[in-house]
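So the chains spell out like this:
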Amino acid sequence: MTAFVQLLTSFVASAAFGLLFNVPRRHLAPAGAAGMIGWMIYYGLQQADANPVLATWLASLAVSLASQWLARRLKAPITVYNVSGIVPLVPGGVAYAAMRNVVQNHYDLAVQQAFQAFTLSGAIAFGLVLSEVIHLSFRKIKA
Amino acid sequence: MPQSSEYTRRIAGLCLLAGKIMIENGAETYRVEDTMTRIARAYGLPRSHSFVTPTGIIFTIEGAEGEGADSFTSLSRITNRATDLQKVMEVNAISRRIGAGELSADDAYRLLKETESGGKGYPAWLKTAAAAVASGCFLIMFGGSWNDFVPAMAAGGAGYLALICASGRIAIKLFAEFVASFAVGLLACLFVLAGWGRELDSIVIGSVMPLVPGVLITNAVRDLMAGHFVSGLSKGAEALLTAFAIGAGIAIVLALRGGVAL
Chain A
7 MTAFVQLLTS FVASAAFGLL FNVPRRHLAP AGAAGMIGWM IYYGLQQADA
57 NPVLATWLAS LAVSLASQWL ARRLKAPITV YNVSGIVPLV PGGVAYAAMR
107 NVVQNHYDLA VQQAFQAFTL SGAIAFGLVL SEVIHLSFRK IKA
Chain B
20 MPQSSEYTRR IAGLCLLAGK IMIENGAETY RVEDTMTRIA RAYGLPRSHS
70 FVTPTGIIFT IEGAEGEGAD SFTSLSRITN RATDLQKVME VNAISRRIGA
120 GELSADDAYR LLKETESGGK GYPAWLKTAA AAVASGCFLI MFGGSWNDFV
170 PAMAAGGAGY LALICASGRI AIKLFAEFVA SFAVGLLACL FVLAGWGREL
220 DSIVIGSVMP LVPGVLITNA VRDLMAGHFV SGLSKGAEAL LTAFAIGAGI
270 AIVLALRGGV AL
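Chains as they are written, first to last, in the numbering used here: chain A, 7 to 149; chain B, 20 to 281.
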């Protein structure tokens with residue numbers, strides 16, 4: 007039940023995010039689906055107690071691969087799909103905790119959390135990079 | 020085929036317009052450069068060079084004799100940047116049609132002008148509603164309880180509305196995000212004080228998500244990957260500063276509350 011709720015909310019949240027960026031109506035559901043795939047992987051790994059950096063990395067990879075496929079199928083720029091899928095992975099919670107600790111003068115904790123947020127952002131970036139590499143080498147093999 | 024310098028000038032203007040619309044509305048740098056080069060090639064000018072950054076585009080078309088007197092360079096300054104993926108898609112579609120030889124230069128120019136002056140996409144109320152729904156959903160995704168769903172929706176929607184209002188009125192970059200996140204924090208605090216919401220942290224994290232500069236983050240990475248370091252670094256800086264602005268708005272609310280954990 008919880009997993010189903012997570013799927014549903016991630017789909018709706020990603021599609022709603024696409025709407026904020028003026029993604030045309032026809033492409034909102036695919037954008038939501040890309041976000042749902044990423045969140046499914048992130049949530050599943052989180053439940054399995056995987057390292058959050060690993061979970062974020064694989065989720066970002068999944069979002070970008072799904073977005074590449076959608077972009078080719080539906081002939082739209084990839085940005086339309088991957089942006090709304092990447093957003094849920096942004097380490098908002100960790101960044102918030104870091105900032106809260108700054109406000110409370112707990113700088114030691116704040117630095118740790120800020121670094122964690124930085125690492126998680128790096129994981130997102132690396133997922134995007136790797137998907138591009140996979141995409142390019144796949145195209146080379148096919149050509 | 021020898022082209023007159025007047026023709027070259029017109030095509031360069033067309034390419035710059037297409038590039039300007041794309042960069043103003045959140046396209047990646049490589050897509051902008053690719054589109055401009057393709058349009059120039061489709062109109063019989065195979066040798067062109069572009070230098071695209073988030074704050075300006077420089078575009079050169081070489082004439083028939085190579086790098087001689089008949090090459091033409093022009094610059095377009097970019098001052099306003101927003102995110103409107105619909106416009107990026109429209110320019111993309113126009114460029115595809117140009118590539119297929121379906122459009123004359125005049126028709127293409129007219130279509131691009133229409134896209135540039137076109138509507139602002141979805142109405143503000145719909146975007147606010149979407150931000151509200153997204154905030155509630157993010158709250159649940161981040162492990163919040165359903166008790167806080169409606170407060171998160173209200174705070175997130177109000178925050179996004181504040182962003183729309185503030186970005187129209189204040190010319191200073193990033194201040195709108197600051198105002199919006201301040202509104203989110205303030206409302207979340209009030210809801211918790213009034214006993215309407217339970218966990219302040221979850222409500223704030225969920226409601227602040229619609230302000231996250233998602234397009235900037237992904238485009239910064241994609242630009243850096245493609246070797247567009249100037250664009251990538253400046254987009255990354257903009258994303259980081261936006262994140263700081265959001266953080267500062269929340270931090271002030273927390274500090275006003277006395278900085279004590281509930």
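No lab work stands behind these hints, which were simulated from the structure alone.
Please note that the accuracy of each hint is not assured.
[To be verified] In the DSS-like style, the derived pairs of lysine-lysine whose C-alpha atoms are separated by at most 25 angstroms in a straight line are:
1) B:Lys192 to A:Lys81
2) B:Lys139 to B:Lys192
3) A:Lys146 to A:Lys81
4) A:Lys146 to B:Lys192
Being a predicted model, the structure only gives us computed values, none of them experimental.
Check your understanding: Of the numbered hints stated previously, which ones are contradicted by the structure, given in increasing order?
Key -> Violated hints (numbers, rising): 1, 4; every other hint is consistent with the structure.
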